[in-house]
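Protein chains: 2
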Amino acid sequence: MSRGIPIVISAPSGCGKDTILEQLFKINDNLVYSVSATTRQPREGEKDGASYFFRTRSEFEKMIADNEVLEYTEYCGNYYGTPKKAVEEMLSAGKDVILKIEVEGAMNIKKIFSECVLIFVLPPSFTELERRLRKRGTETEETIASRIKQARAELEFADKFDYMIVNGDLDKAVRDVNTVILSEKMSSKRNAALLELVKNS
Amino acid sequence: MSRGIPIVISAPSGCGKDTILEQLFKINDNLVYSVSATTRQPREGEKDGASYFFRTRSEFEKMIADNEVLEYTEYCGNYYGTPKKAVEEMLSAGKDVILKIEVEGAMNIKKIFSECVLIFVLPPSFTELERRLRKRGTETEETIASRIKQARAELEFADKFDYMIVNGDLDKAVRDVNTVILSEKMSSKRNAALLELVKNS
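In order, the protein sequence lines correspond to chains A and B.
According to our numbering, the first sequence holds residues 1 to 201 in order.
According to our numbering, the second sequence holds residues 1 to 201 in order.
There could be a bad hint or two in this list.
For identical chains, the list gives no copy identity; a pair is met inside one copy or between any two copies.
Unchecked claim - Within a straight-line C-alpha distance of at most 30 Å, the following computed DSSO-like cross-link-like pairs (lysine-lysine) qualify:
1) LYS199 with LYS149
2) LYS160 with LYS199
3) LYS85 with LYS47
4) LYS26 with LYS172
5) LYS47 with LYS160
6) LYS135 with LYS199
7) LYS185 with LYS149
8) LYS100 with LYS47
9) LYS85 with LYS100
10) LYS26 with LYS85
11) LYS84 with LYS100
12) LYS149 with LYS172
13) LYS149 with LYS189
Don't read these hints as lab results, they were simulated from the structure.
In this text, all values refer to a predicted model and were calculated from it rather than measured experimentally.
Could you put together the complete structure from these sequences and hints?
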């Protein structure tokens, strides 16, 4: 069995990456999700081990000290990181592993897994992004402005990603992410073993 | 409108690349075919301007002298080449241009168009390739042996291509080629203009 591919998906808040992933797992059964660890408080409905592994600050720092996280960053005063062992096991089992990480973490993952695929999800426009954030009805004007500012900062990293996918239409965005994943499985650099097999047939 | 992508498809004889392309054009209407020029004699049913541009040796050599071919090679005593002007016009019009070229020509195209995508079509196995060649019923044992030998030589170039697609099942191979093309359209290196557009929105 060939090793799976680590796939990093980053997107500014409001670009719909959670919804994209939810749909994506329904159409691609070779994908698994890498659950991140964090020290932030669980929000309503979030379950430990599903949304995140919720850890205390000292537990998280012990994971770092024990070299148990692939990468971690501190964001708004909380740690966010990728547990190493689970990812390695899933890749070895041939599964493609989705890592939902913010842009700086994505850059770190690329250093660790040079074979990983980085996908950036873009909003169709900032006007639309603002409209979507406002539509939630839960955010203050100040939070919206801060998220837009953060999104603009994150877009500065987009060209360091391998692919850019615009989430204008959800179904199309889901298909597009899946297209990229399926295509990457056919790249020559991932198929040296297949070529040998055919050569020796 | 963004510029189209030059897509090179190579495959040993008997791997079904003509049938793949025929089906591919039915499912992707942004693709156009770059008709090659050749000095070989037309086979039954082949039309000038559709299968190939059939040219005399001196006409072809004038095209070379006038810098009107992107690349050319001599193969079994005949010239085969890619007319430059038509390809450039189609790319500028935003069309993705399919170039069906043998492996050495493919390497030359990559030098000219660094942005091109190289796809190699593999047989599922040499046993199967031999069976397919024999099934045609038109080839002598000697020709079959020579084609298999040629196929083995061409496979030595496969890892220089960007993607490898196995033609075991025709429908799957057609979908796979299309998946690669659609995915490449989303690569960051081809979408600098899109990113600027979103940034300035």
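Hint-by-hint comparison with the structure:
{"no.": "1", "hint": "LYS199 with LYS149", "result": "between (53 Å within a copy, 11 Å between copies)"}
{"no.": "2", "hint": "LYS160 with LYS199", "result": "between (36 Å within a copy, 15 Å between copies)"}
{"no.": "3", "hint": "LYS85 with LYS47", "result": "within (20 Å within a copy, 60 Å between copies)"}
{"no.": "4", "hint": "LYS26 with LYS172", "result": "both (14 Å within a copy, 20 Å between copies)"}
{"no.": "5", "hint": "LYS47 with LYS160", "result": "neither (32 Å within a copy, 46 Å between copies)"}
{"no.": "6", "hint": "LYS135 with LYS199", "result": "between (57 Å within a copy, 21 Å between copies)"}
{"no.": "7", "hint": "LYS185 with LYS149", "result": "between (35 Å within a copy, 28 Å between copies)"}
{"no.": "8", "hint": "LYS100 with LYS47", "result": "within (17 Å within a copy, 53 Å between copies)"}
{"no.": "9", "hint": "LYS85 with LYS100", "result": "within (17 Å within a copy, 45 Å between copies)"}
{"no.": "10", "hint": "LYS26 with LYS85", "result": "within (25 Å within a copy, 45 Å between copies)"}
{"no.": "11", "hint": "LYS84 with LYS100", "result": "within (14 Å within a copy, 44 Å between copies)"}
{"no.": "12", "hint": "LYS149 with LYS172", "result": "within (26 Å within a copy, 44 Å between copies)"}
{"no.": "13", "hint": "LYS149 with LYS189", "result": "between (38 Å within a copy, 25 Å between copies)"}
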